[in-house]
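Engineer: Protein chains in written order, with my numbering: chain A, 1 to 99; chain B, 1 to 418.
All the pointers check out, no bait thrown in.
Simulated coverage check for chain A against chain B, where a stretch passes if three residues somewhere in it have a Cβ under 8 Å from a Cβ of chain B: (1) 4 to 13; (2) 32 to 39; (3) 52 to 61; (4) 64 to 70.
Straight-line distance between alpha carbons at most 25 Å, and here's what the computed PhoX-like set of lysine-lysine pairs gives: (5) Lys352(B) - Lys37(A); (6) Lys37(A) - Lys353(B); (7) Lys136(B) - Lys50(A).
Counterexamples of contact, computed for chain A against chain B with all Cβ distances above 12 Å: (8) Ala23; (9) Gly24; (10) Ala45; (11) Val46; (12) Val84; (13) Glu85; (14) Lys86; (15) Ser88; (16) Ile91; (17) Asp94; (18) Leu96; (19) Ser97.
No wet-lab data here; the hints were simulated from the structure.
Even glycine gets a Cβ: it sits at the ideal position worked out from N, Cα and C.
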Amino acid sequence: MSEEKFPINIWINEERYEKLRKAGLGDLCEEMLAGLKVLRVYADAVERDKILKVFPTAKFDSATTKSIELLPKAVKDKIFDKIVEKESVDIIADFLSTY
Amino acid sequence: MAEIGHGRKEIVERIMEPAAAREKIKGLARIPIRSQLANEVVGISYGFFSPLEGFMGSADVDSVCKNMTLKNGTVWSIPIVFDLDQAEIFSYGIDKGDTVVLTYGGNPMALFEIEEIFEYDKKAMATSVYGTDDPKHPGCARTYAYKEKFLGGKITLVSRPKINEPYTKYFIPPLEMRKVFKEKGWKRIVAHQTRNVPHTGHEWLMKGAWFQTYGELPIDKPLVGVLVNAIIGEKRKGDYIDEAIILTQDENRKSGYFGDHNHLTSLTFWDMRYAGPKEAIFHAILRTNLGLTHHMFGRDHAGVGTYYGPYDAHILLESVKDKLDITPVYSMNWLYCPHCGEITSEGLCNHKKEWQKFSGTVVRSIVLDGVKPPRLIYRPEVFDVMMESGEKYGFGSPFVTDNYLEKRIPVFEIPPIE
Chain A
1 MSEEKFPINI WINEERYEKL RKAGLGDLCE EMLAGLKVLR VYADAVERDK
51 ILKVFPTAKF DSATTKSIEL LPKAVKDKIF DKIVEKESVD IIADFLSTY
Chain B
1 MAEIGHGRKE IVERIMEPAA AREKIKGLAR IPIRSQLANE VVGISYGFFS
51 PLEGFMGSAD VDSVCKNMTL KNGTVWSIPI VFDLDQAEIF SYGIDKGDTV
101 VLTYGGNPMA LFEIEEIFEY DKKAMATSVY GTDDPKHPGC ARTYAYKEKF
151 LGGKITLVSR PKINEPYTKY FIPPLEMRKV FKEKGWKRIV AHQTRNVPHT
201 GHEWLMKGAW FQTYGELPID KPLVGVLVNA IIGEKRKGDY IDEAIILTQD
251 ENRKSGYFGD HNHLTSLTFW DMRYAGPKEA IFHAILRTNL GLTHHMFGRD
301 HAGVGTYYGP YDAHILLESV KDKLDITPVY SMNWLYCPHC GEITSEGLCN
351 HKKEWQKFSG TVVRSIVLDG VKPPRLIYRP EVFDVMMESG EKYGFGSPFV
401 TDNYLEKRIP VFEIPPIE
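Given the sequences, and given the hints that come with them, work out the whole structure.
Structural biologist: Take a look at the structure:
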């Protein structure tokens, strides 16, 4: 059985989309909720728990979406920048290694 | 004609006129109270908490904890208690049989006729109300923070609260609310409990409940209304600010997603206990007193974390529904289906693999990211009012910050007795 993964939704505003487009990464976006663009970065259970510990405002939406929400915008910006740098959404271990 | 509330008791406001109050408070000991107790004094005095006439004595507390009823058998789920330290009791020089003045913000608020001073096992209280003794549960934490003694006795308001803007028109106590319902000609009114800025999932919860409540009634004139009753009380960092909640809920009506003929926004002062099923019963009692006939209960009503099952509140309500004078309306989740291209109910749509569920938490996350959600998820007028509220009342944010907690305009104040 594959390990369960929990997404962090990086919602894409115009500024973020422009950065992705310039980096040729626009295709990494998915569309959710009536056309909202989102990058989904996945954490495993251990990484999820570390995120919730390191960033106390974050919340795991256990009831509805099983996603990690309410990370501060500055943290999401860092994750986003890491995605652009690595040209991949598989960056959460790398991101967490600095915490 | 008498207005009958929960427990089939007449709702009577316990409010003294200023001239009598001025005389009555002379020479009495004065005890300052915190905002939780001030909220509850308002709840008792105006009849939101009818048939309670004051803070509970030991027999009522014990019966609530053990039987989920008052000592007279009336269903009641959460103890309403007044706590003090022994040292404070000593320093104020108060004893059973005394009457004291409760003050809030330095001004006399209410008379408190102390009928009993007692202790109660706080762990037993927490376990019975919250189903856990975990100090991480916010309701348990509140219970453990109570001081060592409890004082029971009747409350009489001596100075009506001055409700500050923008809340003024949303404070509609039970007797006044019932008049409003009569003026509107509503035969059935369904309550929507909220602490949120509404996304379209909430909007459709209300619309779905309105349909459910309408039932067999004739449709030639509007006979059913939705009452949004926002709980206004203690805030936590990251919550929506109160001003944004109340103004955006009303914006749903102002922008035409509802209308005057079927929608009204109001508030109740209460510090949420997050008691899940027990809080659901308490909400049913509150809204019975406000004159409502129906009450919607969704998934994990008033819950927190993973302490309660998603439908525990429904199960508990079913067990006592014959003893309540309000009809529960159970709501399924609403979600976005890209195949349908609309918000739909999980009980209706069968494109299950395509469903995109969203929650208040997800929507808050979108807003935090600086993204404006699509109108199918968040009404643009609601979004704009939320952001304006953040600018005007929230020091730049629609979410509670340390700055907001420190400097916010109080929801109400107690003016001096003239």
